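Chains as they are written, first to last, in our numbering: chain X, 2 to 341; chain C, 22 to 233.
Some hints here could point you the wrong way.
Said to hold, decoys possible - Taking lysine-lysine and the DSSO-like style, the derived pairs with C-alpha atoms no more than 30 Å apart in a straight line are:
hint, chain 1, residue 1, chain 2, residue 2
1, C, LYS75, C, LYS34
2, X, LYS45, X, LYS29
3, X, LYS193, C, LYS36
4, X, LYS193, C, LYS151
5, C, LYS151, X, LYS240
6, C, LYS151, X, LYS339
7, X, LYS240, C, LYS34
8, C, LYS34, X, LYS29
9, X, LYS240, X, LYS318
To be verified - Calculated from the model, a selection of chain X residues having no Cβ within reach of chain C, i.e. all distances over 12 Å:
hint, residue
10, GLY191
11, PRO271
12, GLY341
Stated by the list, open to error - DEER-style ranges, computed between Cβ atoms:
hint, chain 1, residue 1, chain 2, residue 2, range
13, X, ALA215, C, ASN159, 43 to 49 Å
14, C, LYS98, X, ARG161, 57 to 63 Å
15, X, VAL135, C, ASP182, 31 to 37 Å
Since the hints were made in silico from the structure, they are not lab data.
Note that the structure is a prediction, hence the values are computed from the model and not measured.
In this text, a Cβ means the ideal position worked out from N, Cα and C, and glycines have one as well.
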Amino acid sequence: MQISTFIIIGENIHCTRVLKRGGNLVAKGADGRESIVYEIKGTKQLMPIPDGFLKSADWENGKVRHCAAAIWQGMHGQGADREAGMEYLQTLVCKQEKAGATFLDVNVDEFSLDLQERVKAMEWTAALVQKASVLPLSIDSANVEIMRAGLRACDRDRGRPMVNSISLERLALLDVLQEYQPAVVASAAGEKELPATVAERMNNLERLIPQLTARGIELAWVHVDPLVYTISTDPNNGKIFLDSVAAVRRKYGPAIHIIGGLSNVSFGMPCRKLINQVYAWLAVEAGGDGGIVDPLQINAGILRSLDIRSESFQLAKALLKGEDEFGLNFIAAHRGGKFG
Amino acid sequence: MSVVDQISENLIKGKAKEVKELVEKAIQEKTNPADILNKGLLAGMGLIGERFKKNEVYVPEVLIAARAMKAGMEVLKPLLASAGVQPVGTVVVGTVKGDLHDIGKNLVCMMLEGAGFKVVDAGINVEPEKFVQLAKENNAGLIGASALLTTTMTNMKSVVDAVKSAGLSGTIKVMIGGAPVTQAFADEIGANGYAPDAASAADLAKELAGKK
């Protein structure tokens, strides 16, 4: 199989992202402050974690939301703390760009409970990310005000920004399409519930996509997300998404893009990276051409270099196609050390 | 190894057929139904919960253990009723209005059943009043509400408020969970408890039901 392009909506500037306490990336600085560790040109740097984050339940539970902490430092921190927050985010952005991201996804929906604070966080983060990279942004929000704030902040010269995502449950976001003419992630979610079958997905998309084209968005700017569910709770979930990808390609032809939050598939399983990479490969085989993924883990080059005859690829493929019920062979192989 | 220990061991391995047969065997041997439940089925699920909390087992393994427990329960249930063995409590569980994410909720349901609760699964996108109505209909002392988004998390307060305005704050306790939820948020909205993961949710439910 030839994999020439793989559209990557880089998912890492996202306020739910956590680092684990006790790992290599969270440490105390010389001044005794809990910090997040990053590197600039091979030199270790520290971004102090804001006090509010150290009092959070996340912290008690052994986690720290690193992007949110960095945005907080950048927006509200002082002096060197503020600089470190910005530098940290820019480091994440540069890594994504270098690894082949097409769009940089920015999500601040979890930054604060206060809407105006989230709007400000979107404006601030969108501006900062664009300073660090030449890529267009993907504005990721369920809220129309935050979406508008993000799109307004986008520099049009670098190409169309992306709206992530529109679905039948989020029709309020249709309003921004005419004005900004963005690229669009069209999710197969229904008005009230998530689709279970291929047919339900197609039905939802058939009702959604005409509303996008009616607002001047051509199919070449539509990125369908047929919705990836986790394999660990239902062995059929892997195959249902792949079949949906094929069905969308058959129905809408070559112009439309088909993506997905591919790493969802591996939630609750060991060796998530392997599963995610093989799933991206299978999605391309089914007619897909991109994903909302971490480009350090999945990009066209990585997919081309996968050894499809290897035992690990075959074990992951069987799991993802529903041929390894409940993934017990896969888990056993993991425990047996087969994946290194 | 006693038959109840065998039940527990096979349940941990997710062997539904064996668990069902062993429960039948235990019943034939006149084992106390409460022992089959507590020392066999629930002990096994408790162990799975502990291992899950420590990341020693994966989600599919919890799933098949829960399935094995269900197979055993089907045989045991009629006897429990006639022996007067009551569930630890009844919990209504659902995702709040606007939230369609049910993986976490489903795991919580499994863990609660594994802890001996009767679980009423209200599904996804559940209106606050619906939580209260189902709790009343089923005589439930607990509501478990889940949300995965900051935007829908605010609807958890509506659940707490709905319980309050129905005048049932004393009898129905509300516990909450989900990725953006914290203990501080639970305190802020007046929920009775917060759990960071499915296994802890079962522990919390027992605590709130006064069974721990």
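| Quick one, are C/LYS34 and X/LYS29 close enough, alpha carbons at most 30 Å? | Answer violated: C/LYS34 to X/LYS29 is near 41 Å, above 30 Å.
| query | Would X/GLY341 pass as off the interface with chain C, using Cβ distances and a cut of 12 Å? | reply | Check passes; 18 Å lies beyond 12 Å.
| request: Take a look at whether the Cβ-Cβ distance between X/ALA215 and C/ASN159 falls inside 43 to 49 Å. | output: 46 Å Cβ-Cβ, so the 43 to 49 Å window holds.
| Is X/LYS193 close enough to C/LYS151, meaning Cα to Cα at most 30 Å? | holds, 15 Å
| field | 30 Å limit on alpha-carbon distance, applied to hinted pair C/LYS75 and C/LYS34 | value | holds, 17 Å
| request: Determine whether the Cβ-Cβ distance between C/LYS98 and X/ARG161 falls within the hinted range of 57 to 63 Å. | output: Hint holds: Cβ distance 59 Å, inside 57 to 63 Å.
| message | Please verify whether X/LYS240 and X/LYS318 have alpha carbons no more than 30 Å apart. | response | Holds, because 10 Å separates the two Cα atoms, which is no more than 30 Å.
| Cβ separation of X/VAL135 and C/ASP182, checked against the hinted range 31 to 37 Å | violated, 49 Å
| message | Using Cβ atoms and 12 Å as the threshold, tell me whether X/GLY191 really stays out of contact range of chain C. | response | At roughly 9 Å from the nearest Cβ of chain C, X/GLY191 sits no farther out than 12 Å, so the non-interface label is violated.
| Satisfaction of hint between X/LYS29 and X/LYS45, Cα-Cα up to 30 Å | holds, 13 Å
| query | Is the hinted pair C/LYS151 and X/LYS240 satisfied, with a Cα-Cα distance of at most 30 Å? | reply | With Cα atoms ~34 Å apart, C/LYS151 and X/LYS240 exceed 30 Å; violated.
| request: Say whether it holds or is violated: X/PRO271 keeps its Cβ farther than 12 Å from all Cβ of chain C. | output: Check fails; 6 Å does not lie beyond 12 Å.
Checked against the numbered hints above, the structure violates hints 3, 5, 6, 8, 10, 11 and 15; every other hint is satisfied.
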